[in-house]
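Start counting the sequence shown at 1; every next residue gets the next number (the UniProt record's numbering).
Calculated from the structure, these hints are not laboratory results.
No residue lacks a Cβ here, since even glycine has one placed at the ideal position from N, Cα and C.
The reader is advised that the hints may include incorrect statements.
[Stated by the list, open to error] DEER-style ranges, computed between Cβ atoms:
hint : residue 1 : residue 2 : range
1    : Tyr194    : Lys86     : 31 to 39 Å
2    : Asp49     : Asp183    : 42 to 50 Å
3    : Asp151    : Ile45     : 23 to 31 Å
4    : Asn184    : Phe145    : 13 to 21 Å
5    : Trp199    : Lys88     : 23 to 31 Å
6    : Val128    : Asn102    : 35 to 43 Å
7    : Tyr118    : Ile45     : 16 to 24 Å
8    : Glu30     : Ile153    : 27 to 35 Å
9    : Gln83     : Cys103    : 25 to 33 Å
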Amino acid sequence: MPNKGDDYFYHKIQMFFDKTTLKNRLKSMEFIYLRLNAILDKLEIDLKDRTVFEFGSGWFPTMPYFFKYKFKARKVEAFDVNQHFKRKTVLEFNTIFSKKDNCNIEDGAKNKYGLPNYIEYFPNFDLVLQDIPIADIVFSRFVLFHMKEIDVIGFCDKIINQYNKGTYVIHFISPSDLVQHNDNTISQQEFLKYSKLEW
1 MPNKGDDYFY
11 HKIQMFFDKT
21 TLKNRLKSME
31 FIYLRLNAIL
41 DKLEIDLKDR
51 TVFEFGSGWF
61 PTMPYFFKYK
71 FKARKVEAFD
81 VNQHFKRKTV
91 LEFNTIFSKK
101 DNCNIEDGAK
111 NKYGLPNYIE
121 YFPNFDLVLQ
131 DIPIADIVFS
141 RFVLFHMKEI
151 DVIGFCDKII
161 NQYNKGTYVI
171 HFISPSDLVQ
181 HNDNTISQQE
191 FLKYSKLEW
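Whole structure, please, built from the sequences with the hints as guidance.
Next comes the structure, spelled out in structure tokens:
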């Protein structure tokens with residue numbers, strides 16, 4: 001299918017079939033937070049009062065909340081090629097996160113998505129075609145392998161050319177075959193048996 005149609009139906013199918021609760025989503029994301037925290041500690045990087053550019057934010061603002069409420073970042077700008085965040089879901093997520101992490105989350109009544117102050121969401125954003133924001137931290141979580149190789153290279157060039165020395169760039173990647181996540185009869189590296197042309 002053409003890319004636009006393909007993305008639309010993929011998005012709708014995920015929305016319909018994924019019945020994971022917000023509490024479970026938050027719990028599963030704690031692994032990423034803890035892993036990132038260990039990396040930052042080892043490298044002696046403090047995110048307090050820094051600005052964060054997260055791309056590929058996904059369905060919920062989990063990492064932006066960790067950045068703001070755990071790492072004490074000053075501002076988080078979350079970008080995604082799709083529009084996943086829904087106001088009703090975010091407001092529910094605010095309640096769950098604030099109870100679990102014992103923090104006071106403003107209700108976000110004044111903004112479209114129900115996000116707290118200093119967390120902004122920019123959906124329908126193509127970081128290959130559009131200018132990227134300047135920030136202290138660039139972060140992505142399992143996003144790069146969804147992009148074309150040429151677009152990853154172009155994005156890295158943008159970072160090198162536009163960001164100041166001292167900017168931290170952190171990408172979590174998964175070197176596994178996504179098909180294998182739902183089919184344990186194949187190897188996590190199943191994709192390696194194909195040539196580049198076949199793939």
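Now the hints, each set against the structure:
1. Tyr194 to Lys86: 31 to 39 Å: holds (37 Å)
2. Asp49 to Asp183: 42 to 50 Å: holds (45 Å)
3. Asp151 to Ile45: 23 to 31 Å: Holds, at about 27 Å.
4. Asn184 to Phe145: 13 to 21 Å: Hint holds: Cβ distance 20 Å, inside 13 to 21 Å.
5. Trp199 to Lys88: 23 to 31 Å: violated (39 Å)
6. Val128 to Asn102: 35 to 43 Å: The hint (35 to 43 Å, Cβ to Cβ) holds, given that Val128 and Asn102 are roughly 40 Å apart.
7. Tyr118 to Ile45: 16 to 24 Å: holds (20 Å)
8. Glu30 to Ile153: 27 to 35 Å: holds (32 Å)
9. Gln83 to Cys103: 25 to 33 Å: Given a distance of about 26 Å, which is inside 25 to 33 Å, the answer is holds.
The structure shown violates just one earlier hint, number 5.
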